Amino acid sequence: MKSNKNINQKNSIFKNWLVILVAILFIALPFIINAYWIDVLFFFGIYALLGLSLNIVLGEVGLFDLGHMGFMAIGAYTTAILNTSFGIPIIILLPISAIAAGAFAWLVCSPIIHLKGDYLCIVTIGMGEIVRLTLNNNPFGITGGSNGVFGIDFPSLGSIFVVDNSTKFYYYIWLIVGLTIVGLVNLQRSRIGRAWNCIREDEVAAESTGIDVRSYKLLAFLLGAGLAGVAGNIYATKLMIVSPESFSFMESCMLFCIVLIGGMGSIPGVLIGAAAISLFPEVFRTFAQYRMLIFGVAMVIMMIFRPGGIWPRKRGALKFESLLIKAGEENG
Amino acid sequence: MAKDNNNIATMIRSKQENKETDKTNKVVLETDKLTKKFGGLIAVNNFDLKVSQGQISSLIGPNGAGKTTVFNVVTGIYKADSGKVLFQGEDLAGKKPHQIIKKGIARTFQNIRLFSNMTCLENVMAGQHCRSREGTWSSILQTPGQRKEELEIKKNAEDRLKQVGLWRWRDELAKNIAYGNQRMLEIGRALASNPDLLILDEPSSGLNDKESEDLIVFLKSLVKENLTILLIEHDMNVVMGISHWVTVMDEGKKIAEGLPEDIYTNPQVIEAYLGKDEEEEE
Amino acid sequence: MKSKKFMLIVSVLVLVLGIASFGVMAADKLPVVIGLQGPITGPYAVEGEMAKQSVEIAAQMINDKGGILGGRMIEIRVADDACQPKAGALAAMKLITQKDVVAAIQTYGSFVVLPASDVYEKFKKVNIAYGATITDLTERGLKYFFRTCGRTDTQAKFFADKVVPYFNAKKIAIMNNNTSFSVGLAEETRAALKSRIDAGEVEIVYFDAINPEETDFTVPLTKLRETNPDVFYYTGHFPEAGLIIRQAREIGIEAIFVGGDAVVNEDFINIAGIEYAKGVYQTQEALIEYFTNPEAMAFKEAYKAKYNTLPSSPWSVYAADALCVLAEAIDKSGSTDSDVIADYLRNKMENFPSITGPVGFDEIGDRVGSSINLYVVNADGSSSICDTK
Amino acid sequence: MKIVLEQLLNGLTIGSFYALIALGYSMVYGVMKLINFAHGDLFALGSYLGYTLLVFGSSYATVTFGIWGGMIAAMLIAAIGIGIAGTLIERIAYRPIYSVGRLPAVVSALGASIVIQNGIMVIWGPRPQAYSSQVVPSVMLNIGGIKITLMQIVVLIISFILMGLLFYIVQKTTFGAAIRACALDRSTAALMGINIETIIFFIFALGPALGGMAGVMVGMYYRKISFVMGWNYGLKAFTATILGGIGNIPGAMIGGLLLGVLEMLGSVYISTAYKDVFVFLVLILVLIFRPTGLLGEKIAEKV
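Chains as they are written, first to last, in our numbering: chain A, 1 to 332; chain B, 333 to 614; chain C, 615 to 1003; chain D, 1004 to 1306.
If you're looking for bench data, these hints aren't it; they were derived computationally from the structure. This one's a predicted model, so the numbers in the text were calculated from it and none came from an experiment. No residue lacks a Cβ here, since even glycine has one placed at the ideal position from N, Cα and C. Don't take each hint at face value.
As the list claims (entries may be wrong) - Now the stretches of chain A that chain C is said to cover, found in silico as 3 or more residues with beta-carbon under 8 angstroms:
hint, region
1, 28-36
2, 144-153
3, 243-249
Unchecked claim - As a list, the in silico DSS-like pairs of lysine-lysine whose alpha-carbon atoms are at most 25 angstroms apart:
hint, chain 1, residue 1, chain 2, residue 2
4, A, 314, B, 487
5, C, 771, C, 785
6, A, 116, B, 487
7, C, 785, D, 1005
8, D, 1150, C, 837
9, C, 736, C, 713
10, D, 1036, B, 507
11, A, 116, B, 369
12, D, 1175, C, 892
13, A, 168, C, 920
14, C, 757, A, 168
15, B, 365, B, 427
16, D, 1036, A, 116
17, C, 837, D, 1005
18, B, 365, A, 116
19, A, 314, B, 507
20, C, 785, D, 1150
Work out the full structure, taking the sequences as your base and the hints as a guide.
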């Protein structure tokens, strides 16, 4: 990788153009496609949000989390139960779901955060399964067992802003994904993001460099879970029902794949990964029972030919990374 | 070998000239009867060490003497079984590595531990972690304060990179630069935390002669800025060339300490270290 | 590097758009298209497959007779929901956006039917569920939602009022498999038994759930054995029911085994082995084997001719029923408009002779006039109806 | 008391299945540091292979070897078949990406798992299949009031023989020493003249072969097999592996048996529905206090 200022500069402009182009396309899309594909793209958005949230834990910090759906489940059920039982508006529940999922992550991860690699992996699997099984068993009669909780409202703010059809849901999710991306890009370029990456690269060195490894790992889980909680909230309001079936181990594995197929720690990568995981099955539905077969083969082939993911994160480009930090940039 | 010895002798002479400029002998770091066991093995045994302000102190000893373990205890990676570590009079017991660096002790590692997939600049920026404080929310929202701090971090990192002579590699991934440069980068990262005491674990290992000499010059320049340095070193040229004070360790115990020229002629040391292990350097 | 990526993105988008345009293909005038949403993949793929087969057979039968609306053929368009709520809502959307789909037969599993029926409702598309029995489904006041299968509470009542006295049972053990259907039936049964329990006539000695993905149930069964029940009512599904009856008998549970309506079929007998399957009872609305009405006979014959067996799932026949009902409604009302069809189904259809007997719908879309019976498995694997009065 | 003994036996039976599958995870992990997510599905494939063999070859095998002989024959053939499948997966899905780190292999393994699972569904159909009662004798025994099936005894005996055999191979033979050496340090082992290729081939054949045999036994013991069963057993066996200490072969055996017994305890004393919650909680607790599992070595961090 040559670090040539001119090339980077060009890339920067090119990249911005690409971002704008993609953004315009996303805004225009609902006018071109039919409602089914708008819904497909909505779920693409959900997966993108989930992928971004897992990317914090897995991509940025390198912690194996195969129970991420558990956090989403907490968010979704918080929304569902509080909305159906107490009639609290969905919009208010959006941050509450995030906080609930984050708090849950903080609680369960605190004692296990020191575990290494695969051991952490199985503990997160266990945690995800515990959440799913518990929800399925209808504790205290609040989760509705395997029926789940249904009759969840649409997100609304008074009567002016009501998200009640596919197109609105589409804009709603992608607005949130967009905001999340801006926030995460900012994080990536901050000392927090750097600290996370340091932990991923070398925990001991990170600790010796002054990074409180434990706290930063927990922070990653907290933020990741919080975002997953937001995704849970939106998912619940879109389907108007939450049931444990949606939060299976298999789904957590798919999230894992989103991050790895896209490229660890790469935000555009996550979007591509989410597209691959959520659009692929829809595109190949016509193959009926061969669909998943093809899907599996594609995953293997993908990894053989692009083990680093489709769009791995580029380093060594810190100079032009700053969309917002411009001053004092060129001459250090 | 003879030539080497000559070399060392010259270095010692030049050292004596420097003597007069030495600062006060205020003790910065002190270990008191430090003991660390691994199972049945006593890696460090009632070890006392003193490092004086503004000096370069060396810790030497044959392989397996427990030098790195002392470093690891001092920097909080291992917990001492007994004994104390005092830094500027404060007991460091129970402190985690990230707290200790904040107190002002920065270190490097024997087998370079860089953040391989991050750029050189980012590595040095990461070094300033404990000296910066913007939190999660201000980072997500990129508040003006956060932006200002980030710029400062970057400016400082760039200065440090220039100081260690790696400016031209700033955007290169740390794993892609030459071995000698990686050593310097690690020192740069440690320096970025503005430490009072810099602990270097075999900084010259793997460096060629030219690089070693540059390193000596560089370390000397650091001491001039009132930095205190403690190093483990195998290269006697380096040890004798720059140390103000040398402590010798063998099998977890201190066997001698003193000025480099005294150590150089100390029969016990020669027997334990130079006599046996000269061939094993590197 | 960069341009490669750009190409990649562009090609992904082109792909998306290209496929999207498929969705808006112009509708063909001739056939009447009925959507079938079912789990073609995933753990319940067997239910989807059978539903598809049954519906296709039923459509074939109608088409062979000359179709509907004066010669228009029925075409089935399948959408896979993999038995997931999310995919269910998407599959519903997929059928809805295909403008030529007149109405939909939808799917197996109440938790999938729930979100899907909301979608159909929003887009005003008549949808008939075939494998979703939880009570709440029709209690939501949906206008376009119907079902040809019964409700769990009817079955529960039947068990409480007819089966318990039939065996003169005092101690009853109820086990479910933690799926929505199964828990629903178990709990409705407990509720239906309440008056008898309060009167001290019967006692529920065991009430617990097992996990259907497991294969070893000896522990809960041993617990159950210790309660020494007269009747053991299992409300789950056939795959694990086959294991349960065998393991129950092997550890010495002598109680009468009664299954809910998803327990007994060919696979159940295979898994349990006939030595354990014989003498197993089942509360069941409509086992296709026992229907002797001409519609059922014709269906059985056609199905057997094509697949050499009868559908092993009880639900798929209701899917075929749903198709017949839809075809009738469209034909008789002479319209493919959702409101007209819904109105016809709700208000005008009465005792329409379908495969599982006469069909009509009540105000909330539940089927009226379905009768539940108690069946027993004979030594040769066939079943016969018990006379519960 | 009798009930407790019965339950214990049941727990051990299911635990021995877990243990046999866990061995495959553990061996592969020990040498390759790779979680072979496809392993559970290979186990399911073994079940189906055994099913086909017993359905189509039963009459011939039974005539030639007797009813038990036929069963053993089916197990052996399934073991060979699954062993081959295991090495094939290694060749196709893992070998090309060893060099690029561990994470891509996780995705590849998940992909392989999906392929096998759906492959089974396509070949044998989505309906659950049942081992016929004609080929699997159903004999009930009553030993001092404890009810136990003959099949259960057979399963336990075969499992313990297999585990003992593997234990012997790994701990007592030179070849086993080579495997253990690879697990400790692959590059040093290679320098010592150990043929890594052979070791990898062997562990990817032996692990799945054991899983395949477990698959046939599960089929014979429970009769019902389904294409999704690999996922469930796989997750449990993986849990067992971690519980015992991943990469540790006696650990996998003990972890498996322990998990079976824990499940039993959980459903007896807590609730059948919360059984798995209990199992995972125990796992998490064990890991909090022993971060590398019960028999896992404490990794001294080299700084």
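Violations among the numbered hints, reported as their numbers in ascending order:
As far as the earlier hints go, 6, 12, 13, 18 are violated by this structure, in ascending order.
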